[in-house]
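*Asks:* Since chain A is already given, all that's left is putting chain B on it; use the hints.
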Amino acid sequence: EAEVAQSPRYKITEKSQAVAFWCDPISGHATLYWYRQILGQGPELLVQFQDESVVDDSQLPKDRFSAERLKGVDSTLKIQPAELGDSAMYLCASSKTGDTEAFFGQGTRLTVV
Amino acid sequence: DQQVKQNSPSLSVQEGRISILNCDYTNSMFDYFLWYKKYPAEGPTFLISISSIKDKNEDGRFTVFLNKSAKHLSLHIVPSQPGDSAVYFCAASAGGTSYGKLTFGQGTILTVHP
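Taken in order, these protein sequences are the chains called A and B.
The first sequence: position 3 = 3 (this note's numbering), numbered continuously.
The second sequence: position 28 = 28 (this note's numbering), numbered continuously.
So that you can see chain A by itself, here it is in the shape it has in the complex:
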């Protein structure tokens, strides 16, 4: 069964350091999403890509967060510098163009110390 792959699964980083997460969507899924889930809350959309283009990044804290999907396939989300409040689960999801049902990866649990 096709899955969204994410790495690493867990990441511990010190405050002010840079951190990066990687996502490989399901083959053929042109739409890719990065969500952030804080403990006790539902996921919140950070950025949405259609192929290599950003469709929505209105909730992405652009002073420290960046996302790219250079070849329209896999994607990287970066935080620099990391802050204590960035501790959360970072989820990548993908869908076929026009489909609302998104398929999620297992996520990266980030802890900033």
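Honestly, I wouldn't trust all of these hints.
What the hints assert, rightly or not - Cut-off 27 Å, straight-line C-alpha distance, at most; resulting in silico cross-link-like pairs (DSS-like, lysine-lysine):
#  : chain 1 : residue 1 : chain 2 : residue 2
1  : B       : 54        : B       : 5
2  : A       : 96        : A       : 15
3  : B       : 71        : B       : 56
4  : B       : 56        : B       : 5
5  : B       : 68        : B       : 37
6  : A       : 62        : A       : 11
7  : B       : 37        : B       : 56
8  : B       : 56        : A       : 96
9  : A       : 11        : B       : 37
10 : B       : 71        : A       : 78
11 : B       : 68        : B       : 54
12 : A       : 62        : B       : 37
Hint data in this document are derived by calculation from the structure and do not stem from the laboratory.
Since we're looking at a predicted model, the values are computed, not measured.
*Replies:* Here is chain B on its own, set in the frame of chain A:
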């Protein structure tokens, strides 16, 4: 402003009984609704969805009901099984160019006791 709300943080049910999870929304632009299930340390898994042109959608043990006038939807699980124990998220989409932007509720922890 919480546009999708799940007011019950947790629900406990006996195996074999019905589980009913509720969700309310405030944004009239939402026209597609989904339920996701999440186990600890894993990503959410899609369960079932419903379009605003319908009031009911059924898939095996799972049924979602939509009451547009009340801006309320519910997920029924019958019969409930211990393996259903997880966090359930309600999500909504406004369609159009925002079709993929899901707004999630806070989640309800379902515990099914054997």
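*Asks:* Work down the list of hints and note, for each, if the structure agrees.
*Replies:* So, going through the hints one by one against the coordinates:
no., hint, in the structure
1, B/54 / B/5, "21 Å, holds"
2, A/96 / A/15, "36 Å, violated"
3, B/71 / B/56, "14 Å, holds"
4, B/56 / B/5, "20 Å, holds"
5, B/68 / B/37, "23 Å, holds"
6, A/62 / A/11, "21 Å, holds"
7, B/37 / B/56, "19 Å, holds"
8, B/56 / A/96, "24 Å, holds"
9, A/11 / B/37, "24 Å, holds"
10, B/71 / A/78, "37 Å, violated"
11, B/68 / B/54, "9 Å, holds"
12, A/62 / B/37, "30 Å, violated"
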